[in-house]
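Listed below, chain by chain, are the residues.
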Amino acid sequence: MIWNPNKECMSRDEMSALQGKRLHKIVEYVYHNVPFYRNKLQEMDIRPDDIQTIEDIKKLPFTTKKDLRDNYPFGLQAAPQSEIIRVHASSGTTGNPTIVGYTRKDIGVWSECMARCLTAYGITRDDTFSVAYGYGLFTGGLGAHYGVEHLGASVIPAGTGNTEKHLKLIRDLGITGIACTPSYALYLAETMDKLGITKDQIKLRAGAFGAEPWTESMRKEIESRLGLKGYNLYGLSEIMGPCVSYECQEQNGSHICEDHFYPEIINPVTLENLPNGQSGELVFTTLTKEGMPLLRYRTRDLCSLMTGQCNCGRTSIRMGRIEGRSDDMLIIRGINVFPSQVESVVLSMPEFAPRYMLVVDRVNNLDTLQVQVELRQEFFTATFDTPAAIDELEKKLAAKLKSVLSISAKVQLKAPGTIERSQGKSAHIIDKRNL
Amino acid sequence: MKQLSIFIENKRGTLLAVLDALKEAGIQIIASTISDTQDFGIYRIICDDPERAFIVLREQSISATLTDVFAIQLEDKPGEAARVLSLFAEADISIAYMYSFLLSGKGILVFRTSDTDRTRQVIKEKSLQEFCS
Ligand SMILES: [Zn+2]
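Chains W and R, in that order, give the protein sequences. Be aware that the first sequence starts at 1, since it is given in this note's numbering, and climbs by one per residue. Be aware that the second sequence starts at 1001, since it is given in this note's numbering, and climbs by one per residue.
One chain only, chain R, in its complex shape (with noise of 0.2 Å):
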């Protein structure tokens, strides 16, 4: 699926600016996490239109750009994390960033990985389900 990278300064508002942006265009925010540095962060966000979000953040002059991620349904119980994990690291399919959220009581892991290709092999051969926004 979709994500949006954002390229946020370390600045007061610039994050706010993002956000203001997106409420305007009417786009809903589903899971957003930011990775940052000292000097500066990548605000990651899947939202229900990226496409359309990708072209409203550009106008704006906000440097974004749409990754391909993969966004995987856990089976609620304990450990679920560590097993679709290690599916991967079985196959030798290095991580890339991870973060997880929770949709009307489902555990959503949302990750990219070292090689698109074989991660979509890993999913369709162990038959992990793929959540779709």
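One chain only, chain W, in its complex shape (with noise of 0.2 Å):
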């Protein structure tokens, strides 16, 4: 089922012209009313006028979280005080919250989104729904309460607390559908087997997991425990909240909202364009949005963008999963290089345990790469008790690093479970620069 077929099964032509219009719209809308942009622009010379199409996109200039919080609390508002209807907080880790209001057509607009995701994910007006992300000043909660409301589902606003009396309401109100992070609905399975609940009691199909990154085994493991479907909700409140991107049936890629939120990939170093399919730093344009319209927010998401019609009969473009953050990346010989990438290749070789180490140093001013990665036990045989042997996979590590990194990188394998499991996005890496 799709919700707003007209938007999400637009020809690709006309996707792009709406995206001309609305994007000039929103450009001449900033410019008369938010101060912080009209200097911008005015600097860069370029008037509302210079925006015809979505091409012109390429012209504008990027907004940061640091803009956000420079201009706390309403600096970037467009809207007047008298049109917000909702005000929203994402919690920050160093200093002041970012504070996003909404006027009623904004809530219309999230609402409407989120419906085309709890569509997307097979749910319809006859399921009962559970929200079980955070109610309060994140936008979890309030954002997919408003889209099953709009959808006509029955919601039932569970909240992150009394897991025990949720899950007693998931069983004898035969709940159909829940929205919740992924570590949650492992929480969930975990509460689960404690009560003696098992899969077959409940009638769980469908779940809307997101706000914080998960994987393919992660979804794996959900699935199976919990016996529903497990889907990817993606959004960020500074661009509107869950709602932005959702999986389809097919359960590949995020299909986007793209007709209010444009999507960009750039090199987060030099700020160009990448082409559709390859990695970087995701962009949003908001080009509908009237409390707090932003141009080019640079989310610091790592992910890239897959075009063509999807088997679900969608046209709009979509987001693959989140590789990493672009506050991770290393410049290395000038060279950007993220863990993430590094990651990949070291998963793609069973031969070593899944844990790695970045260490970059510079020796006679020249950038050194070393990855330090441990040999798993079980493939240290007979076959490895030469130091020959051991060097070969060494090398074969390497090639495999060069070809991905563009970057050469000295392989250093270290006995198993000596390198820590990373815990957040730094711990695996060793900077010893001092740049």
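In case anyone wonders, no lab produced these hints; they're calculated from the structure. The hints are all genuine.
Listed next, the in silico DMTMM-like pairs over lysine to aspartate or glutamate satisfying Cα-Cα at most 25 Å (straight line): (1) W/Lys-59 with W/Glu-272; (2) R/Lys-1002 with R/Asp-1049; (3) R/Lys-1023 with W/Glu-378; (4) W/Lys-400 with R/Asp-1039; (5) R/Lys-1002 with W/Asp-391; (6) W/Lys-220 with W/Asp-200; (7) W/Lys-168 with W/Asp-193; (8) W/Lys-395 with R/Asp-1036; (9) R/Lys-1002 with R/Glu-1051; (10) W/Lys-25 with W/Glu-264; (11) W/Lys-410 with R/Asp-1039; (12) R/Lys-1002 with W/Glu-378; (13) W/Lys-395 with R/Asp-1039; (14) R/Lys-1011 with W/Glu-378; (15) W/Lys-402 with R/Asp-1039; (16) W/Lys-396 with R/Asp-1039; (17) W/Lys-168 with W/Glu-190; (18) R/Lys-1011 with W/Asp-367; (19) W/Lys-194 with W/Glu-164; (20) R/Lys-1011 with W/Glu-351; (21) R/Lys-1002 with W/Glu-351.
Remember, it's a predicted structure, so these values are computed and weren't measured experimentally.
Now that you have both chains on their own, put them together as the hints suggest.
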């Protein structure tokens, strides 16, 4: 089922034309209502009339998280306070939170986009749907809630507390859909085991998982333990909240509501646009937002975009899984290196444990990259009892790394269990360069 | 016979950890040698109970494996090692690595070859004396 075929299955030409028209309008709107953007555009000698097609977006300045922080609390708000009907705040790890105000129309767009997501997950007005995101300043709870109501399904505003009671409701009310973080879904599964509730006793069919990065293996585990199909739900409060993109039954990339949120992928260093299919930093421009419209907002999420019609019939552009954060990027000998690239190579070779450490140094004014990996105990067999055989394996990894990273890395084998499991983003980087 | 091969990271204390683990378990090392590169080494051990030593090391998360090697007891005269090796060279068997040690005055030559079956055959044909721990 498709909630809004007019938009979700629009021809590419019509979509580009619509995006161009909306981009012109939004630039004109911020030019007249947000001094921050007016100053920026004037500095760059850009007038709203210079922006006519979606291709013109490349002329526009970027917006960063720092810009939001510097303009705390309402500096980037375009609508007058009287038009704002709701305010969310995202937690900042440092300094001020990000404040986002929504007009009535914004809430309507949000609900509409969220209904598209839910429909793609197979939810209809006949379903009972539990929202187990946090309700409050965080956009997850209320965002999903309004979407379920807009769709016409029955919403159970479970929130994140009292998991046992929630599970009782899931079982007794025959709840068929749930929105929560993937880690909460696993926690639900554990609690089910503890209470002796089996997946045959519950009717959950679809799960909308987001708000934190998750992997294919987590998806498989959640799906088998809860007996449902798990779908990605992507969003960020600066742009709107959950609803920005969603997976369909194909589970192959998340369809972006691109009539409202225009995506670009850029090289986070040169800020150049990258072609579709290539990984880089995801950038969004809100095409219709009134409360706090943003031009080319740098999400710092790394992913790639996929074009081409999906088997589900939707024509909208899809984004791949979030591969990492651009904050993690290293520049080595002038080349951008992402730990996630190293990770994908290490994971592709079963001889190595899924752990690694990047050690960057500068020797004689030249950057060096060392990749430390552990040879799995079970792979250290009689075949590997000569240094030459292990060298061979190191060379194989080094060659793979070189082809992915475009720079050579020295592979250093460590004893099993000596590389710390990564806890957070910079845990697998040691940069000794003191730059 | 079984040789214990252990992956050793070139870092202070790793060798000691192996030796401590074997000592705790009461395993006696008969001979050992290290083959190393700049970053790591393969520590090869002939001991009185390789199977148990293997389990002990694995329990300590030390990468170890059991390898089939040959140990030939040499006669006590000059040129004996060369003679034995030439027998394998003649049979077109290459030696992956080799080391030797003395036990109760007897020279023992330990080696791994490219072809275990044919090595065994040569040992039988030429009546070489295998050493058993
Ligand atoms: Zn699709």
